[in-house]
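Visitor: Protein chains in written order, with this note's numbering: chain A, 4 to 284; chain B, 103 to 1044.
Just so you know, the hints here were simulated from the structure itself, not pulled from any lab data.
One or more of the hints may lead you astray.
What the hints assert, rightly or not - Below 25 Å or equal to it, Euclidean Cα-Cα: the simulated SDA-like pairs (lysine to any residue) are:
id, chain 1, residue 1, chain 2, residue 2
1, B, K294, A, K103
2, B, K340, A, G259
3, A, K103, B, G308
4, A, K134, B, I383
5, A, K121, A, G259
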Amino acid sequence: MKRNNIFIIPAAICSLLLLILTACEQENVQKLEQRNWQLVWSDDFNGSAGLLPDAAKWKFDIGVGPNNDGWGNAELQYYTNRTSNVALDGNGNLVITAKKETYAGSAFTSARINTSGKFEQAYGRIEARIKTPWGPGIWPALWMLGSDVKSVGWPECGEIDIMELRGQKPNIINGTVHGPGYSGGASITKSFAFENDRFDVDFHLFAVEWGVDYVDFFVDNTLYQRITPEKLKGEWVFDHPFFIILNVAVGGNYLGFPTSQTPFPQSMYIDYVKVYQEAGE
Amino acid sequence: MKERKYIYSATVLIALLLVAAGCERNVDELEPATYPVTPEVFIDGFSSGLYYSAYGTSKVTAFSVDNEVKYKGTSSMKFEVPDADDPNGSYVGGVFGTNPGRDLSGYNVLTFWAKASQPATLNEVGFGNDMGESKYQVTLSNVALNSNWMKFYVPFPDPSVLKQERGMFFYGASPKDGKGYTFWIDEVQFEKLGTIAHPTAGIFNGQEVVKDKAESGETFPIADLYASFNLPTGIDQKVGLSKSYFTFTSSNPSVATVNDSAVSRVVSSGSAVITAKVGNISASGSLKINSIGQPVGPAEPARTPTVDSKNVISLYSNAYTNVPVDTWNTHWQYSTAENQFIKIQQNDVIRYRNLNFVGIEFSSQPVNAGSMTYFHMDIWTPDVTTSKVFKIMLVDFGANGVYGGNDDSSHEYSVTSPELSTQKWISLDIPLSRFTGLTGKSHLGQMVLSGDLPNVYVDNVYFYNFGTTPTAAAPVPTTSAANVISVFSDAYTNATGTDFNPNWGQATLVTQVPVAGNNTLKLAGLNYQGIQLGSNLNVSGMGFLHLDVWSATSTLLNIFLISPGPVEKPYSIPVPTAGWTSMDIPLSAFSPVDLANVFQFKFDGNGDIFMDNIYFYRTGGAPLTEPDAAAPAPTASQANVISVFSDAYTNISGTDMNPNWGQSTVVSQVPIAGNNTLKYTGLNYQGIQLGSNQNVSGMGYLHLDIWSANSTSLNVSVISPGPAEKAYKITVPTTGWTSLNIPLSSFSGVDLTNVMQLKFDGNGNIWIDNIYFYKSQSGGAYSLSNPIDFESSGFGAGWTWNVFENAAGPALEFVANPDKTGANTSATVARFKVLATGQPWAGCEVKHGAMGTFKLDASNCIVRIMVYKTVKSDVGIKFAKSDGWSMGEIKVANTVINAWQELTFNFTAQVQDGYDQIVIFPDFNARTSDNVVYFDNITFGK
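Taking the hints into account, I'd like the entire structure generated from these sequences.
Guide: Structure below.
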């Protein structure tokens, strides 16, 4: 999610064209290693409608980023902790809503929450069941950052993007890792596309399984990308605790700006976030 | 594209491939027909069975198959849009169809690729146009093309209905800036795409449309039907839908219905909301109808004009041949007026509503009313006319006959109450001379109606004069000859020796002419004219001078009465007259003329004058001090009567007509014209002790006939044990016998099942007859308390009222009128405080029986109530019977706040007998605050 370099656009499109893996190509049986995942942390987002997410688990990122640069990506929204932007829906979901409204000098509002300082973990399975928003310039994401970002900076801290979606392509998501030497447009990424479905019609399960020397990316338990140290053009930094981030950005270098035809408001529905560790670790 | 017409004769058949005939089948084994599910429309050629028809007025040769330019495969469809001035057609458009049709229920979108020789916008593309009913048409409008191939989507909802669709594709395009261009379409096919998502639908483009003041019989089409889908590109796209995709629902079909043809029809008063669904998608947008039900209008036509047609220039009347009128509603800017031409009993009437002002023009053939003296118009309004004005402006276009040119003139004439009156035909006969600003009247071209009455029915609009000679005789006098001293009349013996043409040097030509056989005095070319009496008259015992005057041409006329001296005094007579005008001039108007010694009359002024019935008279002789005739004979049948005192009925036996209650009244029974009559001389008070206590609760009225020449105060009381008594005020003195029918509800607090006494109190000498209780002939004990005005002497305040469904709200109160201005200046009104916590239907009702039992019929079923509210909301009224049955309430909303407003409720549909309770919902609304509603003056009429 953090991309300092606007030259990523051609590279991103390139990877998209080459690496699309579609759901209907799943006829080959995947043979995955057996793992014994033990649930260590979760949020089912059960609670009354209108409540903010559990403060014991989540904190808010507020505003337009520490450098007033749209969180490093020229995003257009102002993140708030208002229930109109982020709240439980009373049906067991957390809803993050991007709105077209002038607020604190920005033309849009939305929300971004994270577990920094509240829950951080190295390795394991991190998954979330999500129904995405849609529309040009709408950029929902489930991702992780190395918890040492404040001391070592980005991209040295490492970033794992479990799910990112460009609202103008509501049937395609990307899974990506960033680190030193392979960040921004040079990140390691792969798309997963539905040929005849979209991610905004029903909930889908997005997950990574992360071990000492691999990060596997899944959609609905289908593995579509495995990243290992050999695939990187730089150092493997996925060896220390990361925290989890959920957000809906509006506009930005990654996908371009919303247009007059982008429907607003747009909401991302998160049924749950669960984190597992492999038994015995 | 507006010009487009579907003319099928020009169909161009490009491809027509017959589907192979089927094998012979056993008819008994036939299953319901199914149709091909072929998705392709045009890939590299037409799909099987496809034909093409160009719109008849389009350039029919515009379409061809292009083997050079294509998105994919070997060919595409090419369309050459002509220049706007192309004689062979100025646009392109047509339909690709198939017969008998295809089953498209397995698809959800029509897709195609398109490009154009230059950026351009196609007016529309879509499918479902079969050049017939086009039942399930889907239209994508304003399709923007450029010179790159792009994919387009025409998504559709509820594919399940598309079992036999014949219209596979249609398009229409116009020149861009008048110039032609070329576009290509390829790969036209139906698809089932999971990447089309989030369907929505709407009517009225998603807006909530409100129609206030809708009326029964009005229809409203449900328009602007659409569906919207999110495309694979993340953007929403709207498509227009035909009505057959929708099911429409009315929230209240008894108020407004809606049919499958997407037309809502208003059927009664109230509110209804029309909504729609496409499949199981609820459409956004709605139509809210706030209906007043049947508009209140005249039941009878205006009086048929009687003016001779040769003296009339008529603009609008069934009685005359009308001159051409360009329009009865010019729809000028800011005018909200709507007009309808309606019939009332075969009589044509113009109805205006929402009238603020309306222009009426007859300028293409201006009216020459130069010889006319009067303007006539009949108007009828349902609106309250108190303090209201209705204005008529006439505009003359001057010598040039057209608007402008510094020769126009106009005048606006205002009509106010009491000349204005509600729910009555009012005949306006306005002398054109009153249109003082109208300096010309020979090129009249415009009329403007305006004022405060939003609802006006208009009939019989014409200019007229009375000719130059009266055609009818002056009215025959009715004053008794004993009270008359006549100078000139066929009806009386005239004073003798009168010279009607003494030579005083005048230029006036005096003749006596017969008018309809009646001798009439004519003064032609009046300057002045005397009348010399044969002998001096003493008219000091007379009160008035009467004369009948007719003049079409005079603009000035005075009459003088003269006594020797000479002492004379003029009196102005309004001229010209509207036919015969009867003048009754008090002789005091001629002071200081010596009325004991009148010897001459004089007239001065101008024009031609006709006069008749010139006489002095007095009103009556000495007033009667006792009745000279018997009281009217009662007409109620004995079966419906409990009689106390009457020769016409069997009376309650044992009644004491003069119990000793210490009164000073002298009671006697005297025969008047053979009829036994009760006489009270020097009344202070007087009782009647009934022979036995009477249950009169089944009766409706107490009847009395009263005669008094000198009483100034009279009450009658009905008394039950306790004693419980209630007085009813009788208007005295009377003019001859006065028959009173007093609703027994007037005697609130009295136990009507156990009446033991009657009592009169007041003063003077009173004659009384026919004292009886009765009910109506139709069997019910009907007594309608009308009006319910809450005054101390009226109905309502003395009754027991119950408040319901108003949480812990207070009882109904009767308080001083908070705003004695506007429509209601009465002293006392009802106050209902309705709480926010009360139900929407919180209200109040009269205790059963307190207002008597009554019948609603054609004469009283229009119920009106005045309300003073701080909010606009419905007022509901209904009536109930003693057994608890009630009708459904009728609701009418007030439209003004913080002012009195009269609301009208039409209970025509509920005319029946046996009601004994009124129920009022003063604020029928889900309110958010406590509201105070005042109401008053509930009337029953027609």
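Visitor: Next step is simple, just say for each hint if it's right about the structure.
Guide: Checked hints:
For the hint linking K294/B to K103/A, the alpha-carbon distance of about 32 Å lies beyond 25 Å, and the restraint is violated. For the hint pairing K340/B with G259/A, the CA-to-CA distance comes to about 24 Å; that is within 25 Å, so the pair holds. Between K103/A and G308/B, the direct Cα distance comes to roughly 20 Å. Compliance with the 25 Å bound is thereby established for this hinted pair. Using a Cα cut-off of 25 Å, the hinted pair K134/A and I383/B holds, with the two alpha carbons roughly 21 Å apart.
Proximity of K121/A to G259/A is assessed by CA-CA distance (about 33 Å); at most 25 Å being required, the pair is judged violated.
Consistency with the previously given hints fails for numbers 1, 5, ordered from lowest to highest.
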